[in-house]
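Please arrange chain D on chain F, whose structure you already have, making use of the hints.
The listed protein sequences correspond, in order, to chains F and D.
With the working numbering as the guide, the letters of the first sequence map in order to residues 1 to 299.
With the working numbering as the guide, the letters of the second sequence map in order to residues 1 to 425.
If you're looking for bench data, these hints aren't it; they were derived computationally from the structure.
Note that the Cβ used here is the ideal one computed from N, Cα and C, for glycine as well.
Among these hints, one or two may not hold up.
As the list claims (entries may be wrong) - Some chain F residues close to chain D (C-beta under 8 Å, calculated; not the full set):
no. : residue
1   : G101
2   : I115
3   : S131
4   : P154
5   : G159
6   : R161
7   : T163
8   : Q248
9   : R264
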Amino acid sequence: MHGRIRTWGPGALVLLPTVLLLGYFVYGLIAWSFNTSLTNRHTARKGPADYVGFENYGHLFTEDRFLNSLKNLGVLTVAFIVGTLIFGLIWALLLEKGVPGESIFRSVFLFPMAISMIASGVVWGWLLNPSQGDDARGLNRLFAILHLNFLENPWWTGGSRWTTMMSIALPAVWQMSGYIMALFLAGFRGIPPELREAARVDGASEFKLYRHVLFPQLSPIALSALIILGHISLKLFDLIYAITGPNQFRTEVPAILMWNTLLRSDQAKAAAIAIVMLAVVAVLVIPYLALTVRHEEER
Amino acid sequence: MRGGLSKTLALVGAAGLLAVSACGNSDDSGGGDSSASKDVTVFTWWADGGEKAGLDGLVSVFGTECKDYKFVNSAVAGGAGANAKQVLANDLQAGKPPSTFQAHAGAELKDYINAGQVDDVSQLYKDYGLDKAFPQNLIDNLTVDGKIYSIPANIHRANVVWTNPTVLKKANIDATKAPASVDAWIADLTKLKAAGVAAPLGLSKGFAQEMLVETTLLAELGPDKFKGLWDGKTDWAGADVTAALNKYKTLLSFSNADREAIDWSDSLGYVNAGKAGYTLMGDWVAAQQLANKVPETAYTYWPAPGTGDSFQFLADSFTLPTNGADPDGAKCWLKVVGSAEGQKAFNTKKGSIPARSDADPADYPKYQQTAMADWKKDTIVPSCAHGAACTAGQNNDILSALSQFSGSQDVAKLQKALGTAMKTS
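So here's chain F without its partners, still in its complex pose (with noise of 0.2 Å):
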């Protein structure tokens, strides 16, 4: 008995620190949010608040405002996770050649990730300005000067929602991208030489060795960095508070509006849309957790 308990007691007293903290700080609270979203609780008073079933949620699905921000958030995560994926996965393939200089390169393409969200948010939000004409500035400013004037628009500023967003996103792309390739870097340079030299000998061209063989191999990579994105454009706020200020219809997401919510202190409707934003990462985390955990049974 006493030996059982050396076997695993010292784990089990490592891990406890751990298992207390996030049941408390993650779970705890993702308790605590959900319990406060079924109450009438809309101001800060303190004292019990009555319970209203899923009132609170019902009414968010019939309101203008967030139906609004989930499409705009839905645009702008198929915009970043497309955007991110292809321009990662063209400079890994460049780097992938063996360029001379490669590390500078890779280290120029990675370097945009060190720069935090609110800050680049500042910067981008001088460059997306909307003037155009004699008066632009920023990206229009640079499009006149190379005589490119056809492509000056408004930006986030625009009428339709898709550029409004894909302006949104162009920053975040541009800020992520780098890490995307460093994914698929890692993962060319893990596929064995071996199979390229087969493919080779085989008489595969150069579009048939990727198509056929390399990025079958890549197909686990891609769906890691699916998942990463995915969960990154869910969460996404400081970027967008930082370009366009906490109260822009156009380009609300439901993160933003949360904040916006709990700002005035309508505590029960902040945690039904935490709750709903919880729920729709959860779709895109949980099948793939889910396989993993399955993958790593079948080894």
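For chain D alone, coordinates are given in the frame of chain F:
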């Protein structure tokens, strides 16, 4: 094995310490209750510039009037108090209020009142004679359900248009006279545009647009119906509101394309640089022009067209938080805030005017002298953009609706959204 176990224990101990320190953090922040001395913690968002100078003026009066107490500055920097309000909300929620905190006077206090976080100070108005010193009109605007919850330190005017006479001369417009109505203003704007000023009306994001909507509504509806919009007596769905919003839409068409991306100081810069002829902004512009060394001959100002008889006010005020650490010290601070010396020390530095009607205009610079004269004779109406007429929540919804309108230009949708916003709390 002994070594292994003790290492484990050491690790567990370290982790436990971390956990304890993480939880214990809340003790050393917040109110000065631990010192049990005569500290008066004053929470503001006046951290620099003229605002800080004004606060310092108040503090020096406090130092002589309230010798028993010690002033503790608890200012949080950041635009119009957005950051400060969050810090304050946390402290109030945790039951550790400062001795007194800054808040916009009027409806914005409702959030704190509903949450049971501020006390009624009506009695202090009687004790300090403030019910006589402040204009009755102002006291009516501050009263919520028969009670007053804060003491204003200053008054700002929101409905002021600032012009560049050099630009206006291009279309032979007299910069010293305000157009009689919104329509007359639109006619002038049209002339300016024809004279080659592409965006004659300098406009910036967020609350600047809200202020323009408000003054347009005020001009078209008149002060009584305008006040009714905020207390529920005027119907937001009315045809006169529709007409006013349509004029706002026309005004927007004269403004700069980057209005969503710039701040009010930038649109003022457009006017100073001659790119725009007009901008509408509160009278803190006077202090800003002074700080930027723009000579008084380079700009003129008048009340927003059609609102000449109204003084749209906003006020910074101080409250008495419920269960504050040292209410007597806080009351002494409030006494200083309401007193003639306190208001003079504060307002001559901050560039606002005193709420008291017995102040001597000779103590103040040129702009403030005209504002003080208007303060005495005009109808006083509240401003929603600065918390006098609506709560933080209503304001948030209105800002969101206006940013949507700035793109979509859908008047019917805006009118509906504004009505809905005022129905929330």
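* Asked: Broken hints, numbered, in rising order?
  -> Hints 1, 2, 6, 7 are the ones this structure does not satisfy, whereas the remaining hints hold.
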